[in-house]
Amino acid sequence: MTSLLLESPGGAGTAGTVGATRALGPVPETPEAAGPGSVPVALADPDRPRRRPVPKWLRRLLGPVLLVSFWQVGSSAGLIQADILAGPWTVLHTGYTLAADGTLGHNLVISLRRVALGLTIGVLAALVLSLVAGLFQIGEDLVDAPVQILRAVPILGLVPLAILWFGIGEQVKIFLVALGTAFPVYINTFAAIRGVDGRFVELARTVRLGRLGLIRRVVLPGALPGFLVGLRFAFTISWLVLVVSEQINASSGIGYLMDQARTFGQTDVIVVGLAVYGVLGLLSDALVRLLERRALAWRRGLEAS
Amino acid sequence: MTTRTTSPPPAPGATQVSAPAVPAPVVPVPAVPAPAVPAPAVPAPAVEGGPAVAGWAARQGGGAPGPAVRVREVRREFAGRAVLAGIDLDIAPGEFVALLGRSGSGKSTLLRILAGLDADATGKATVPARGAVVFQDPRLLPWTRVLDNVLLGLKGRQARAQAAVALAEVGLGGKERAWPGTLSGGEAQRAALARALVRSPGLLLLDEPFGALDALTRIRMHSLLRDLCRRHQPAVLLVTHDVDEAILLADRVAVLTDGRLSLDERVGLGGARHRSDPGFATLRTRLLAELGVTDDEASGAAGARGGEASGTTGRDAPVAAAKDAAGEP
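Keeping their order, the protein sequence lines are chains A and B.
First residue of the first sequence? That's 1 in our numbering, and the numbers climb one at a time after it.
First residue of the second sequence? That's 1001 in our numbering, and the numbers climb one at a time after it.
If you are wondering where the hints come from, they were derived from the structure by calculation, not from laboratory data.
A quick note: this is a predicted structure, and the numbers were derived from the prediction, not measured.
We treat Cβ as the ideally placed atom computed from N, Cα and C, and that holds for glycine.
To give an idea of the interface, some chain B residues facing chain A are shown, with a C-beta separation under 10 Å as derived from the structure: (1) Ala1132; (2) Leu1140; (3) Leu1154; (4) Pro1180.
Computed list of chain A residues with no C-beta within reach of chain B, every gap over 10 Å: (5) Asp45; (6) His93; (7) Ala191.
Which chain B residues stay away from chain A? Per the calculated CB distances, all over 10 Å, these: (8) Arg1160; (9) Ser1184; (10) Gly1185; (11) Gly1186; (12) Arg1220; (13) Asp1277.
Assemble the whole structure, with the sequences as input and the hints as a guide.
Take a look at the structure:
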């Protein structure tokens, strides 16, 4: 805007008037300034001092910090009863105690093991099934319909049946986690295989890639993003299923710790368990994102070497 | 799977055809590429798997240099409408043929048939055992580095070296390890050209390869393509709607109208062609007329008259005459 006005013969272009016209919007139409019906374009004023912006992470932190502060103040002032919700400081202290005497670590390892085993079994099974269904018509006919029907059943509704089958040992938890994680992986991978760009399949024919080459060079890499989306869902669901199954029937694990605390009204222990679950969820999500960054390097468009 | 046997012969009009005295295998068109074609140095007719035989799995044999491509009575219908109503076309080894046609005229359909991508056409067609296609979009696998894209379907250390040479030849030396997503449109299309060349194709099929490029890049690509074809001497079928492009590049120009080749003639303009050549303008006018664009429309001087007259015919004209005319006060 400044240059527009300064160059005009009428000389309406001192800094003061620039600021004023910006505020007013359209310039009063003086024939010297520009042709009739012309309107100044809003441009930045180079002389205006710029404030350093507050970093985004700092701004994002503001909400959570305020929330925890209110919580602490409420607890200290007796507005929030300890048997309803323990204060943040108490929770931190309890967390430290539980970690120090090994209770937390012991149960954490058990929970992690269940998730790791269940995820591995579930993801591998889903991968095999989705490849069979995605690559072969007969596979789709045999596999896809049953999977779609089973998918409609809420996994946690299977808990009673699973207990009858496996008792209340480790198997039932691993089974539930495996079952819960298999569906998102299967559905996303299958859809991704079927969604591979037909133009690439055509290309593969013109360069005479065989069927194996087509699968290895085109279909699998093309379906990888879909698989990773499924994997991310699977991680989330694995913790969800674990929490429920550990709280219903278990004698160890983070969920068991929380359920024990419930019977004794120890809200601090329950909050510690929640926090651990939260951290685990964050970590597993970060793990999948790291995996995505490595596997989908081509998407970033960087010349990684 | 194939490897480049020798560097192509320098003499124009001669591919490395030393054909056996065997009658040319005539291949029914329903054409799916045979899974593994060995592409022999002395091209033997490779007919595999009965009726579903590769488009270019069969090599044109016969006496002296017979046509590289031989198309007879090829028909293709879509929903009862004959898009190709009996096409006859020969392309000699090393010959560059441009196929012009309006949108939807079926020119890409013919190319896809020759590429073995259309199994529902009828008629007869033979093509060289080694073929390569460049599509309008580069079709580089985004998850595969540029060099491996060029190599797609080839094996061996020798092929790898040749792919690097081909990349250098199209001006992409040093981009071997780049991801396709980092290339510009012109670079990506040059990589696609390298992918075609590294196969030493007897037939190079180009499906509007420069249609998506900007005008300046297109000019560069034209000259690159001309050089490459001079050096490698494949038979070329270029499908385009750009009349100038066809005249600049081709030895022969054919026009596809209503499912038939309505015009097929040599471009007698010699090696270095220029738009200012009177012969160029004459041929251009004739080709545009064949495509349904009037002289007035083509020159942009039609005024309101041209707009009326063009009606349906002028829609696909490369020169937007009506628009220019409307802009006049």
